[in-house]
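Read top to bottom, the protein sequences are chains A and B.
Residue numbers for the first sequence follow the numbering used here, beginning at 1 and rising by one.
Residue numbers for the second sequence follow the numbering used here, beginning at 1 and rising by one.
Bear in mind the hints are in silico, worked out from the structure with no lab data behind them.
Don't take each hint at face value.
Claimed, not checked - Calculated lysine-lysine pairs in the DSSO-like style (CA-CA distance at most 27 Å, straight line):
id : chain 1 : residue 1 : chain 2 : residue 2
1  : A       : Lys379    : A       : Lys417
2  : A       : Lys236    : A       : Lys261
3  : A       : Lys191    : A       : Lys234
4  : A       : Lys261    : A       : Lys234
5  : A       : Lys261    : A       : Lys191
6  : A       : Lys329    : A       : Lys261
7  : B       : Lys92     : A       : Lys2
8  : A       : Lys182    : A       : Lys417
9  : B       : Lys130    : A       : Lys2
10 : A       : Lys379    : B       : Lys232
11 : A       : Lys261    : A       : Lys295
12 : A       : Lys379    : B       : Lys130
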Amino acid sequence: MKLPDLAELAMRNLRESVLRNSLTTIGISVGVASLVAMLSLGIGLQQLASRRLMKSGLFDTVVVTSRRDLRGFNREQENSGPAPGESRILDEATRLEMERMPNVLEAYPDIRFITELRYEDKPHLTMVAALPSSAQSTDAFDTLQGHFFSSDTAPEAVIQKAFAEELLGKTPKAGLDETNVKELAAPLLGKELTMRYAQREAAPTAPAIAGKQNAAAEEGLAGAAYSVVSRELKLKIVGVADLDPESMRGPTRARVFLPLKLAESLHVMQPTDLREISRAATDQPVYSSVSVRVKNPSQVQTVEDAIKKMGFNTFSILDASRSIQQFFKVLDVFLGIFGSLALAVAFIGIVNTLVMAILERRREIGIMKAIGASDGDVKRLFFAEAGAMGILGGIIGVALGWAIGQVINLGTNVYLKRQSFPPEHFWSVPWWLVAFALVFSFFVSLAAGLYPAGRAARLDPVQALRYE
Amino acid sequence: MSSAGNSQLNGAPAIHAEQLCRHYLMGGTVIRAVDGVTLEVRAGEFVALLGSSGSGKSSILNLIAGLDRPTSGNVVIHGRNLAQLSREELAKYRLHTVGMVFQSFNLIPSMTLTENVELPMRFAEIERGKRDTLAREALTRVGLQTRMNHRPSELSGGEQQRAALARALINRPQLLLADEPTGNLDSHTGTEIMNMVREFNQQLGMTVVMVTHERALAERYAQRLIFLADGKLVSDEANSAFVTSGGTEQGRR
Numbered sequence: 001m002k003l004p005d006l007a008e009l010a011m012r013n014l015r016e017s018v019l020r021n022s023l024t025t026i027g028i029s030v031g032v033a034s035l036v037a038m039l040s041l042g043i044g045l046q047q048l049a050s051r052r053l054m055k056s057g058l059f060d061t062v063v064v065t066s067r068r069d070l071r072g073f074n075r076e077q078e079n080s081g082p083a084p085g086e087s088r089i090l091d092e093a094t095r096l097e098m099e100r101m102p103n104v105l106e107a108y109p110d111i112r113f114i115t116e117l118r119y120e121d122k123p124h125l126t127m128v129a130a131l132p133s134s135a136q137s138t139d140a141f142d143t144l145q146g147h148f149f150s151s152d153t154a155p156e157a158v159i160q161k162a163f164a165e166e167l168l169g170k171t172p173k174a175g176l177d178e179t180n181v182k183e184l185a186a187p188l189l190g191k192e193l194t195m196r197y198a199q200r201e202a203a204p205t206a207p208a209i210a211g212k213q214n215a216a217a218e219e220g221l222a223g224a225a226y227s228v229v230s231r232e233l234k235l236k237i238v239g240v241a242d243l244d245p246e247s248m249r250g251p252t253r254a255r256v257f258l259p260l261k262l263a264e265s266l267h268v269m270q271p272t273d274l275r276e277i278s279r280a281a282t283d284q285p286v287y288s289s290v291s292v293r294v295k296n297p298s299q300v301q302t303v304e305d306a307i308k309k310m311g312f313n314t315f316s317i318l319d320a321s322r323s324i325q326q327f328f329k330v331l332d333v334f335l336g337i338f339g340s341l342a343l344a345v346a347f348i349g350i351v352n353t354l355v356m357a358i359l360e361r362r363r364e365i366g367i368m369k370a371i372g373a374s375d376g377d378v379k380r381l382f383f384a385e386a387g388a389m390g391i392l393g394g395i396i397g398v399a400l401g402w403a404i405g406q407v408i409n410l411g412t413n414v415y416l417k418r419q420s421f422p423p424e425h426f427w428s429v430p431w432w433l434v435a436f437a438l439v440f441s442f443f444v445s446l447a448a449g450l451y452p453a454g455r456a457a458r459l460d461p462v463q464a465l466r467y468e
Numbered sequence: 001m002s003s004a005g006n007s008q009l010n011g012a013p014a015i016h017a018e019q020l021c022r023h024y025l026m027g028g029t030v031i032r033a034v035d036g037v038t039l040e041v042r043a044g045e046f047v048a049l050l051g052s053s054g055s056g057k058s059s060i061l062n063l064i065a066g067l068d069r070p071t072s073g074n075v076v077i078h079g080r081n082l083a084q085l086s087r088e089e090l091a092k093y094r095l096h097t098v099g100m101v102f103q104s105f106n107l108i109p110s111m112t113l114t115e116n117v118e119l120p121m122r123f124a125e126i127e128r129g130k131r132d133t134l135a136r137e138a139l140t141r142v143g144l145q146t147r148m149n150h151r152p153s154e155l156s157g158g159e160q161q162r163a164a165l166a167r168a169l170i171n172r173p174q175l176l177l178a179d180e181p182t183g184n185l186d187s188h189t190g191t192e193i194m195n196m197v198r199e200f201n202q203q204l205g206m207t208v209v210m211v212t213h214e215r216a217l218a219e220r221y222a223q224r225l226i227f228l229a230d231g232k233l234v235s236d237e238a239n240s241a242f243v244t245s246g247g248t249e250q251g252r253r
């Protein structure tokens, strides 16, 4: 039988017992809907998580430290490779080298120091860190009051909420953080902070110790010197950050942020300067760590490996992200299983409907065989009926699943709004899920038709026609 | 519908059954529905299979129709041994070589007459436009031109059987097999149907095998009467009362 004829006959048969076939089709729709709903929830949550995490800037960053600093996060790293004393120094040249690596967006030095800041003549000691201009796109500054640095060299500061409280002499309450950043920011924005810091300044070669001077001069190292000068810099407070941009840094996190280029130009005395004294005596800076930002989190591993080969210690949060991905894979599997359970019930429904149809249409099958229908014709007819129910059920099911998702998304956002959280989109029905659900429902239905169709095809026409 | 027109004259064997057996196993006992029947039907012949119920006449018809397979023995139709055909080939054989008419008409109740008549052509993959014309032609031929879009349940028994005849002949078979075709009809409509069958037999040269338990009906229409009892052939004789021309049977009633 030709395909159009087959489809026509199948549709006619489906219409003949419209109630039973509609119920079966609804069964399939519910199965597909629950599958779509479950999977789109899983996908949506995963997208939400990675959107949030991606924005946090943690997942695309590799922190590079020199082995000389013995500050690696990884014991194994430290035990292999060159000895600390022989390994490379993290200076401007290596930073540029890293920045030129493929897939690297930027490599910026991590400049941070504890120093004194005066506000209205009161001293405050805190950690100050430099931020590249790219940092403003991270979600930590989503709720920034005021604005980000107007340029990379502007004498401006963004302060963290906790520090703002300290400046205003407020003590943060215990328990839930309910501080209103707007209120905090209003009296502080545009005000002046005076930063006192220790500047390292290259000094002329120190007076030589008699007799050893010539040899030292030849080596060009011994006798190098620098002076430490106390400096002051006036900074304008341009922004107050609600969230903590460096929450993951723990105790070393900074509460005051400066533009990167400005911070670089200050030549603030760094702890390593004592050890690397010969280099500190020049204007060439040495960094305690460099943050390398990668274009895409998937490239973190390659970049990390390449930097390791250069002889540095590296750290990225990739391992943590891996277990998060694994969690979502498991979640997807579980949600998929629950969704499929409903489809399994629908599967049994189709088998039941078609087996009933065979009993009911025994005679019809016998007649068709008597007038020349082959086993294949009968089998294909039942397949077509199962497939048609599958396609129809799939289409309705996808629409239904999508609608369920929309309703839950809407409901949750109403709840979030009441709890004064920003609305979230944690429901996602990507086109491939739609296609997958339709194809899946079609093939599940065909599989359900397998047994009934085979049974109908094997039906003995003599037996079938004997019953009156 | 005249492709088989001259086969009556040459008298070649249309059906040849050799030691045909069909045994069923029912509750441990073997039922010998057909038990060593040998018979031959020439092309264009009108043969009646007679016997009481359970004599095996319908079983033989099913074996000739290719709906059933013999336990042993052979059925050769136009030189082809049905026992050697695959299921697929048997279906093709039923589709193109055999037309069947049943006591209970066996039209598909959910389809209109046109659709019922069209069905064998769907299996034969004849194109839609041609199918429609042929179905209408066939229904007009059996006098149902005004009933084409009715469902079987809206028709009388005689009309249903006429539609069944139209369906049986739609693929121009060489063999018409009728299983108690008048069993559910009153004698007047029964005669109407039988006259049509005879017309197809005589004008189209179609070989007809009819199963019946009515001896009078068989004597009026068949050229040969084959009597069966307990699956065995009892007698096979030419019908002495048979009148070649279809013109006089009205007077004989």
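Now the hints, each set against the structure:
1. A:Lys379 with A:Lys417: violated (56 Å)
2. A:Lys236 with A:Lys261: holds (16 Å)
3. A:Lys191 with A:Lys234: Holds, at roughly 10 Å.
4. A:Lys261 with A:Lys234: holds (16 Å)
5. A:Lys261 with A:Lys191: Satisfied, since the Cα-Cα distance of roughly 22 Å is no more than 27 Å.
6. A:Lys329 with A:Lys261: Cα-Cα ~42 Å, so violated.
7. B:Lys92 with A:Lys2: holds (15 Å)
8. A:Lys182 with A:Lys417: holds (19 Å)
9. B:Lys130 with A:Lys2: holds (15 Å)
10. A:Lys379 with B:Lys232: violated (37 Å)
11. A:Lys261 with A:Lys295: holds (22 Å)
12. A:Lys379 with B:Lys130: Status holds; Cα separation ~26 Å.
In terms of the numbered hints stated before, the structure departs from hints 1, 6, 10, listed from lowest to highest.
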